[in-house]
Amino acid sequence: MDILSLFVVIPVLTIIAILLLKDTRQVRMVSAFGMGLQLLMAASLVILYLTARHAGNNDEMLFVKDYLWFKSLNIHYAVGVDGISVAMITLTSLVVFAGIFASWEVEFLRKEFFVSLILLASGVFGFFISIDLFTMFLFYELAVIPMYLLIGIWGTGPKEYSAMKLTLMLMGGSALLLVGLLGIYFNSSPDGSRLTFNILEISKVVIPLPAQRIFFPLTFVGFGVLGALFPFHTWSPDGHASAPTAVSMLHAGVLMKLGGYGAFRVAIFLMPEAAHELSWIFIILTSISVIYGAFGAIAQKDLKYINAYSSVSHCGLVLFAVLMMNQTAMNGAIIQMISHGLMTALFFALIGMLYGRTHTRMINEMGGLMKIIPFLSVCYVIAGLASLGLPGLSGFVAEMTIFVGAFQHPELFYRIVTILAVSSIVITAVYILRVVAILLLGPTTNEHFEHLPDAKWFEKISVVTLIGSVAAIGLAPFWLSTMIGISLHPIIEKILALNPF
Amino acid sequence: MSLGTFLIMRHELLLIAAALSVLIAEIFWDPDKKKGISLFSIILFGVITIIGFIPSPSGSLFGGMYISSGTTLLMKNILNIGVLLVFIQSVTWLKKEENSEKISEYFLLLISTLVGMNFMISAGHFLIFYIGIELATIPIAALAAYDRYKNKSAEAGIKLILSSALSSGILLYGLSMIYGTTGTLYFSEVAKLFGNNNLQILGFIFFFAGMAFKISIVPFHLWTADVYEGSPVNITSYLSVISKGAAVFILIIILFTVFPVIIATWQKTIYVTSVLTMTIGNLFAIRQQNLKRFLAFSSISQAGYILLGLIGGNQLGMASVIYYILVYIFSNLGAFGVVTAISNATGKENIDDYNGLYQTNPKLSLIMTLALFSLAGIPPVAGFFGKFFLFTAAAQKGYYLLVLIAVLNTIISLFYYLLVVKAMFINKSENPVEKFRSDFPTRFALGICIAGIVVTGFASIIFEAIRNLSFGV
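First to last, the protein sequences are chains A and B.
With my numbering, the residue at position 389 of the first sequence is 1293, and numbering never jumps.
With my numbering, the residue at position 225 of the second sequence is 227, and numbering never jumps.
Keep in mind that the hints are not guaranteed to be accurate.
[To be verified] Below, computed lysine-lysine pairings styled on DSSO-like, alpha-carbon distance capped at 27 Å:
| no. | chain 1 | residue 1 | chain 2 | residue 2 |
| --- | --- | --- | --- | --- |
| 1 | B | K37 | B | K152 |
| 2 | A | K926 | B | K152 |
| 3 | B | K154 | B | K350 |
| 4 | A | K1015 | B | K430 |
| 5 | B | K437 | A | K926 |
| 6 | B | K350 | B | K97 |
| 7 | B | K399 | A | K1108 |
| 8 | A | K1205 | A | K1069 |
| 9 | A | K1015 | B | K437 |
| 10 | B | K37 | B | K98 |
| 11 | A | K1069 | B | K424 |
| 12 | B | K97 | B | K37 |
| 13 | B | K98 | B | K161 |
| 14 | B | K430 | A | K926 |
| 15 | B | K424 | A | K926 |
| 16 | A | K1015 | B | K424 |
| 17 | B | K437 | B | K399 |
| 18 | B | K37 | B | K154 |
| 19 | A | K1069 | B | K430 |
| 20 | B | K430 | B | K350 |
| 21 | B | K350 | B | K104 |
| 22 | A | K1275 | A | K1205 |
| 23 | A | K1108 | A | K969 |
| 24 | B | K365 | A | K1015 |
| 25 | A | K1364 | A | K1275 |
| 26 | B | K437 | A | K975 |
| 27 | B | K97 | B | K430 |
| 28 | A | K1015 | A | K926 |
| 29 | B | K350 | B | K270 |
| 30 | B | K152 | B | K36 |
| 31 | B | K104 | B | K37 |
| 32 | A | K1360 | A | K1015 |
| 33 | B | K424 | B | K365 |
[Stated by the list, open to error] The following residues of chain A were derived to be distant from chain B, with all beta-carbon distances above 12 Å:
| no. | residue |
| --- | --- |
| 34 | L925 |
| 35 | V931 |
| 36 | F1038 |
| 37 | Y1052 |
| 38 | K1205 |
| 39 | H1263 |
| 40 | M1274 |
Source of the hints: derived by calculation from the structure; they are not laboratory data.
For each residue, glycine too, the CB sits at the ideal point set by N, CA and C.
Make the full structure from the sequences, and use the hints.
Rendered as structure tokens:
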């Protein structure tokens, strides 16, 4: 058993353990234990990775394991990680760990809830460790399906509608993706040798340009749907608003990053020529995502909708940066993924906790919460400040890097879109500060709220884990960007070979 | 020719022997313990299924009218597994009072259809093929009308026999044109003499239309829903899985061996019918309330996906079709098994009746969910692998647009499969299906189906074995 496969095996074992339990009260302890173990594994993976790099191991992917699966089609179960995947795995284990504690009080069908949640997580982990397109796609779809049940059974509001919309749109994305992947596969050896699904091997060949022109948009949009690319983002607000807390956290925090990561690792890395040629279309779309998402957030009154639209905006920024195709911007894109993942998970956790107390998510029905529940309120302010990019928190590092990278392009087009995208920071400040002002400050509008209890121990674990990570990235971003930076080299070299500007 | 060479047709001989021994056993069976015939027949059939896996020489008999190869043996074994599952699933239903008179007929008739299918698959001559296809159809019509006291069942029997008579007529008309232009009915000789002559192409079109009836490909699918709804559930599952699978097998063999010359023509035909079949099957399935009709339309759309494996005319396509049929047998029989169990216990067959099923019968709900996910092609169950290989086979020949249409269709199908999942898990019901415990045969059959659904995908060895055995391009 290699260390990477453990990231899938541990969740699966946790699921089996949960299923075998007779007493539903122990379910959450087992889940917390399993995911805590996962978090420790992630931490040790970071250490192992950094040690291997210091020891001078300059391979593209480390800890590579490759098992032949379907011989005739050359499908492998292949795993390997570089700095980017290690960062994403760490993010995922943090968010899942926090998510378990955020859903500590789920009563209805508790066993099934945790099983679905951890199944979802195992799909995500599997996706990040795969370096074979087939296994990657398998895990990708595996991550989408438990979502339907999670939202449909444990959600709130128009949950059945939202669950169906989300599932169908994401599967629609994966439909495009499947065609894209098959296209890549059948063009993976122009010289007639063996076809392959292995990302590293495909990256060494040049896929013919006419094929790239067809399959790049399919792949990019396929992943883009999950990354909330305009105009395919509409599942996101409804889905997030209806989902139970932990699912919103995991979904906005991690699952949407699958889109960004895939767009970058598969679409751009394997088909840089077409990416370069067609990027302008998608840059325009992502700019719309960024600005439209931010404006959308201003107009909303429901806290979850505000945050969902803000996620559209921030995830749009990830794809925007990836499409800029230079070292700085891509570096920013990865940091943005991590930062937004933690931040938005924090937001959704806090919103869930507020909702559990006030039973409303409408900002105009709340007020003056700072005096009543200071701990949660202060955390909310911190999350807000991270979201609008205050220096010292993760958002600043990410956005700063992205915009610096984007502005490096000398052409007018890039300059204009960058300036437009930068304006989203201001708009973000508007909606964040507005929420903070109405919700937390000011007079207490509802007397029922005066005796609300502050955070319980498990809520504190959830929130503190996330805030600690946000601050860690904000205060010491360099270890993260170094880790990512080295791993970006192969991609950047490919792009530079193509277009040295 | 020594008598030993007849062992080449071991499958057929064994089945005929089995059919006869069931018949004879019934004569001597204690009339008060008629129910034991089920057990006897199932054990007998199980033994035959196992014997089927013993390697057997390939070759031809009767001057090339009967051909046996690794591929045909594989196909027959797959059908045997499916029929065995259907048999086990029907035990509970056969125990009912009104059926106790005619248990042996049930087995006799189903085994005869299977003999027909085996002859059809092994045919090397259009005459044998035609006899096989008739033998495979007519007893089924009798079985569709098995529920003596239900009008709908009788109606299903009549509809099935009339529509299959019509389709046989069309098929024969096509064959007569082929015979008229080539002067032979041997597959190998027809293949040599076939050209792009218009009359021959017309003959092919009629042949294809006749086969399309059997597989229920749009626009020849109209009989499907009514027959499926009216027949007893076990016959419905047999029709949707075994009959369809056998027809696909023979269609693939004939397309690849007899009509390779006009590949461009049949690729166009399949392209159009496949798009129509998937789309129309899916769109009609959305509105269905009766689960048997629902599964009928879902099985029509499944036929559309299967055509994707045929279109390339490549070996990968052939292997993936056979593999998909195997997966489809497990998944569809899993779904039908749950429908049968609930129908036997409560008589309920509508999707609304399944509201809140998870609260009362969690295991059945989970099995149904897995089976439906497998039909929809969701990982990690086998349906995902099956669909992936079918699509890969089509993409290998550059049919990317068709693949895109097919995957978008799987999204539609996911929608209606999720409606059932939603009914079971999310909807609340005033009057849910009561909690019941199914008897051993039902649980055993469902267990095999679930094992099949889970294992067939991950165990790459199964696909590789099929891949190595299937040839004939």
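Hints, one by one, checked against the model:
1. With a CA separation close to 22 Å, the supplied pair B:K37 and B:K152 stays within the 27 Å bound.
2. In summary, the hint linking A:K926 to B:K152 is not supported, as the alpha carbons are separated by about 45 Å, beyond the 27 Å threshold.
3. About 16 Å separates the Cα atoms of B:K154 and B:K350, which keeps this hinted pair within 27 Å; it holds.
4. Between A:K1015 and B:K430 the alpha-carbon distance is near 19 Å, which keeps this suggested pair within the 27 Å criterion.
5. For the hint linking B:K437 to A:K926, the alpha-carbon distance of about 20 Å falls within 27 Å, and the restraint holds.
6. Restraint check: the Cα-Cα separation between B:K350 and B:K97 comes to about 18 Å, which is no more than 27 Å; the hinted pair holds.
7. Taken as a hint, the B:K399 and A:K1108 pair is honoured in the structure, with Cα atoms around 24 Å apart against an allowance of 27 Å.
8. For the suggested pair A:K1205 and A:K1069, the alpha carbons sit about 22 Å apart, so the restraint of at most 27 Å is met.
9. Of the pairs offered as hints, the one joining A:K1015 and B:K437 holds, with about 20 Å between alpha carbons and a cut-off of 27 Å not exceeded.
10. Under the criterion of a C-alpha separation no larger than 27 Å, the hint pairing B:K37 with B:K98 is consistent with the structure, at around 9 Å.
11. Among the hinted pairs, A:K1069 with B:K424 is consistent with the structure: their alpha-carbon atoms are about 13 Å apart, no more than 27 Å.
12. Between B:K97 and B:K37 the alpha-carbon distance is near 6 Å, which keeps this suggested pair within the 27 Å criterion.
13. Restraint check: the Cα-Cα separation between B:K98 and B:K161 comes to about 25 Å, which is no more than 27 Å; the hinted pair holds.
14. For a cut-off of 27 Å, the pair hint linking B:K430 to A:K926 stands: about 25 Å separates their Cα positions.
15. Among the hinted pairs, B:K424 with A:K926 is consistent with the structure: their alpha-carbon atoms are about 26 Å apart, no more than 27 Å.
16. Proposed proximity of A:K1015 and B:K424 is supported: the alpha carbons are some 18 Å apart, at most 27 Å.
17. Annotation: proposed proximity of B:K437 to B:K399 is violated, straight-line Cα distance about 50 Å (limit 27 Å).
18. Distance hint between B:K37 and B:K154 is fulfilled; the C-alpha atoms sit about 26 Å from each other, no more than 27 Å.
19. Between A:K1069 and B:K430, the direct Cα distance comes to roughly 21 Å. Compliance with the 27 Å bound is thereby established for this hinted pair.
20. At most 27 Å may separate the alpha-carbon atoms for a hinted pair to count; B:K430 and B:K350 meet this at roughly 17 Å.
21. A C-alpha spacing of about 24 Å is found between B:K350 and B:K104, which places the hinted pair at or below 27 Å, so the restraint holds.
22. In summary, the hint linking A:K1275 to A:K1205 is supported, as the alpha carbons are separated by about 22 Å, within the 27 Å threshold.
23. Using a Cα cut-off of 27 Å, the hinted pair A:K1108 and A:K969 holds, with the two alpha carbons roughly 19 Å apart.
24. Note on B:K365 and A:K1015: the hinted pairing holds, with a Cα-Cα distance of about 14 Å set against a maximum of 27 Å.
25. About 18 Å separates the Cα atoms of A:K1364 and A:K1275, which keeps this hinted pair within 27 Å; it holds.
26. In summary, the hint linking B:K437 to A:K975 is not supported, as the alpha carbons are separated by about 45 Å, beyond the 27 Å threshold.
27. Taking the CA atoms of B:K97 and B:K430, the gap is near 33 Å; set against the 27 Å cutoff, the hint is violated.
28. The straight-line distance between the Cα atoms of A:K1015 and A:K926 is roughly 10 Å, inside the 27 Å bound, and the hint therefore holds.
29. A distance of roughly 42 Å separates the Cα atoms of B:K350 and B:K270; the hinted pair therefore is violated under the 27 Å criterion.
30. Simply put, B:K152 and B:K36 have alpha-carbon atoms about 23 Å apart, close enough for the 27 Å limit, and the pair holds.
31. Proximity of B:K104 to B:K37 is assessed by CA-CA distance (about 10 Å); at most 27 Å being required, the pair is judged to hold.
32. With a C-alpha separation of about 22 Å, the suggested pairing of A:K1360 with A:K1015 holds against the 27 Å cut-off.
33. For the suggested pair B:K424 and B:K365, the alpha carbons sit about 15 Å apart, so the restraint of at most 27 Å is met.
34. Distance check for A:L925 against chain B: the nearest CB is about 15 Å away, which clears 12 Å, and the non-interface claim stands.
35. Against chain B, the non-interface label of A:V931 holds: every CB pair exceeds 12 Å, the least being about 16 Å.
36. Its beta-carbon lying about 8 Å from the closest one in chain B, A:F1038 breaks the requirement of being farther than 12 Å from that chain.
37. A beta-carbon of chain B is positioned within 12 Å of the beta-carbon of A:Y1052; the least distance is around 6 Å.
38. With a closest Cβ-Cβ approach of about 27 Å to chain B, A:K1205 is found to remain outside the 12 Å limit, as its non-interface label requires.
39. Distance check for A:H1263 against chain B: the nearest CB is about 22 Å away, which clears 12 Å, and the non-interface claim stands.
40. Every Cβ of chain B is farther than 12 Å from the Cβ of A:M1274; the closest lies at roughly 38 Å, confirming the non-interface assignment.
Hints 2, 17, 26, 27, 29, 36, 37 from the earlier list are contradicted by this structure; the remaining hints agree with it.
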